[in-house]
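Asker: Each chain, letter by letter, is given below.
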Amino acid sequence: MELIINGKSHQIDVESSMPLLWVLRDELDMTGTKYGCGVASCGTCTVMLDGVATKTCTLPVSAVEGKEIKTIEGVATEGQLSEVQKAWIEHQVPQCGYCQSGMIVAAEALLDANPAPTDEDINGAINNICRCGTYQRIRAAIHTAAKWRAEKTNLAG
Amino acid sequence: MTNKKKKWTRRAFIIAGGVVGGGLAVGVGGMMYVSKKIKEYTGEGFGDGSSLNAWIRIAPDNTIIMAVPRAEMGQGVYTSMPMLIAEELEVEMNSIKVIAPQPESPYANPFIVVNKPRDIYNGLSMMEKIASFMPIVATGGSTTIRDSYDNLRAAGASAREMLIQAAATQWGVDRSECYAQSGYVINKSNSHKLSYGELATAASQIELSEIPKLKDQKDFKILGKPVQRLDIPEKVTGEAEYGLDARVENMLYAAIRHATYHDGQIQSVANQSEIEAMPGVEKIVLLPNGVGAAVIANNTWRAKNAALALEFEETGDNTLSSEQIAKIQEDVIANNIIATPQNDGNATEVLDASDNVIEGKYNVPYLAHACMEPINCTVLINGDKAEVWIGHQGSSLVREGINAVTGIVLENIHVNMKYLGGGFGRRAELDMILHAAAVAKEIEGTPVQLVYTREESMRHEMYRPAVASHFRAKVNENGIEAWENKMALQSVGYSSMMRIKPTFAEPPEKDPSSSEGAAHLPYQMDNVKVAFGQMELPVLVGNWRSVGSSQNAFFTECFMDECAISVGQDPYLFRKKMLKNHPRFEAVLDKVAEISNWSKPLPKGKFRGIALHKSFGSIVGQVAEITKIDEKSFSVDKFYNVIDCGRIVNPDTIEAQMQSGIIFGLSAALYGEITFSEGEVEQFNFPQYEMVRMNVAPTVVNHIMEIDEYPGGVGEPATPPAAPALANALFAATGERIRSLPFKKHGYSFA
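Protein chains in written order, with the numbering used here: chain A, 3 to 159; chain B, -8 to 742.
These are calculated hints, taken from the structure and not from any lab test.
All of these numbers come straight from a predicted model, not from anything done at the bench.
Keep in mind that the hints are not guaranteed to be accurate.
[Stated by the list, open to error] Pairs of lysine-lysine, BS3-like flavour, derived with a Cα cap of 27 Å:
(1) K735(B) / K149(A)
(2) K629(B) / K735(B)
(3) K216(B) / K88(A)
(4) K88(A) / K88(B)
(5) K212(B) / K88(A)
[Stated by the list, open to error] Residues of chain A placed beyond 12 Å of chain B at every Cβ, according to the derived structure:
(6) G9
(7) H12
(8) R27
(9) M32
(10) T35
(11) A65
(12) E67
(13) G99
(14) N116
(15) N125
(16) K149
(17) N156
Just so you know, even glycine gets a beta-carbon here, dropped at the ideal spot from N, CA and C.
Generate the whole structure from the sequences, applying the supplied hints.
Answerer: Structure below.
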């Protein structure tokens, strides 16, 4: 089976029912995407699937063949952190950090769909669990990232 | 804060010499900053360079390598400990590279044993000697800064003096002609400078005769200022490695299934051949004493599917229920009090003789730690050597656990300390190490990563105990005449020490954590009795962020509100009146009242509650502000938080820990409940054990008091007051006094 992950092709040979999470982590050693609950509740395993934030711990690998998969490892491009990642540093968001791969990917997907989300939008879109309780800083970082993305677009435009 | 003795006494040297032993040939105390021997500890595996002491190694390219022996579990120690060193060493934070050293004696945490700062100039007390003998290299109890505050500054200052001396010698000038700045030693007379990288080799040969004087607070450049965390850049790219991310050549994966019942034992696996035929399965391992079984496979998913399919022949008590536990609580309080940690005046007599007594029966349930990273440990056993990959709060325990199972000597066990995806006390336990070692022993030469699935992590752990607390009080307009609190609990200290270090386990009646935050409250009360009894149950209990205070603050600060309201007084002013002898508490309470505009009425539909609690050396005051949406539906809008943690190390980390501690306390208060039915835990995963998420999380408005006193902890103290502040706000809104957690059990919902 061929998977396209962060723009790169990977050949894998596993049961079609194996969740994408475990293909990433144990078959491809891409450990940035985390196992948290295994029941699609906590969101630590979030990746972007054709641009949509998707939980991968219950998602059979057969369902993602031919789709564009973007993991946390693919968020920075050519060593350049994304606006979201920079905002995460600016606001010193992570504590233990375990949920942050999923949070960052979910934030990227939110901003792609909604470039200027309100707090309500963020509350509605980001449903991942952070046991360290970094929610306040995540909210602030998403607003900052939205601003920086807009500035970048304006400059480019 | 003054250091009375600047010089090493002869007695201190003798004591330091006295603890030399085994393969850990080092003294502990002041000698560790100035002795050559200690330099060996950062010598191996840390790259090029020269070690100036156990914490500092300087590479030729001027990278400052700092050994941080405490676990980074989100609380920021990979930044705060380097800050302490960097302040005295005179280096920039961005020149620092953090490494995790092996759990050797220089890195012991005596504070966790003796609960007081070390005296770096005068050596060790008897208990500290014992503590450094073992040594306990552990992270917990909000002790990192409290243990390290003088210690690491002395390490930095000593290294700085060695570098300055090396430069002075090279230039042939007096030491007083030189000073250190930003990684260089500078010659005052001609402004020539030498980098630390150039000086490190010569400096490492210098032996100091005493610990240099430490800086005055007014001269601090780093401490007390917001510093960006060193671990955050790799936590935004997915590169940060947690225990579960360890990937070693040829490794296999294993998943555990515990015995179903908490006192149960597995005799055998009924469907062994069926399991062994499942895809990728290599082996089934029955764990010692029938506590569980693990399936080894070539992928975690295959291993966990196989473990889930195991059919056990097993024994155990299938009757334990939460109803039964509640009955035992009542019985223990009525008939089986074993300790009275506070008994001032004649509380019981005053209350028995009075016909105007208020009563409150409180209780809280068991709680799971629910670290985001499921419990795991990776072990490779190779003959008389072992290697471990884990995120753990006790690196010395990691070695001890492997040793207990395999007999491999401690110095042959290499610990690769990874980031912890949450700790909260759960990762101070030995079980995952013992089990992983037992599994790895069955497949020697192959590294095995043992994982507890979320379900196994949640249903088989060491819970915050279920505790009941029954109050009586006699209140008048001037305050509280008599206060009595009788509790039924399970001793966390006894339960956890029996697992970790049974020879040091004190009986339940001697466990100070049971009554911490319940006995010796700051409030002026003449007649106080605080007593507790022990519940004998098969459920394991452990340290859960803020330990005894996690429940005791809820009990005491809610009942304090009841006392205030019983005499028609404002909850803030009622408390304040009783804090005259404790100005630091009073100042925190006043400050939180001020920043929350307590004296001003709130708009219609908004309500608030207040709580004050000291734990782990720091005082925290909180005001919860809520909006009523519907009869029992609320939004938690804001938490005003004030902390007095003495001297400030990294204010940004303190703020983050206040936000974190509040959310942690709120998850427990709103939803947290581990219950038993027919001998089994009823909660499996997050859908049954819910957490505060983005849509419920309040905004925290934080204020840090500036107090020039020895630092207190910050990782835990914000958790205890969160539940009572909210409960007191809900009372203000509804008139319903909620005396048991979680709130959802009482029909409350939050959005």
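Asker: Taking the hints in turn, state whether each one holds.
Answerer: Status of the hints after comparison with the structure:
no.: 1; hint: K735(B) / K149(A); in the structure: 38 Å, violated
no.: 2; hint: K629(B) / K735(B); in the structure: 19 Å, holds
no.: 3; hint: K216(B) / K88(A); in the structure: 21 Å, holds
no.: 4; hint: K88(A) / K88(B); in the structure: 21 Å, holds
no.: 5; hint: K212(B) / K88(A); in the structure: 26 Å, holds
no.: 6; hint: G9; in the structure: 16 Å, holds
no.: 7; hint: H12; in the structure: 15 Å, holds
no.: 8; hint: R27; in the structure: 7 Å, violated
no.: 9; hint: M32; in the structure: 8 Å, violated
no.: 10; hint: T35; in the structure: 7 Å, violated
no.: 11; hint: A65; in the structure: 15 Å, holds
no.: 12; hint: E67; in the structure: 18 Å, holds
no.: 13; hint: G99; in the structure: 3 Å, violated
no.: 14; hint: N116; in the structure: 15 Å, holds
no.: 15; hint: N125; in the structure: 4 Å, violated
no.: 16; hint: K149; in the structure: 18 Å, holds
no.: 17; hint: N156; in the structure: 24 Å, holds
Going down the numbered hints, you'll see the structure goes against 1, 8, 9, 10, 13, 15, while the others check out.
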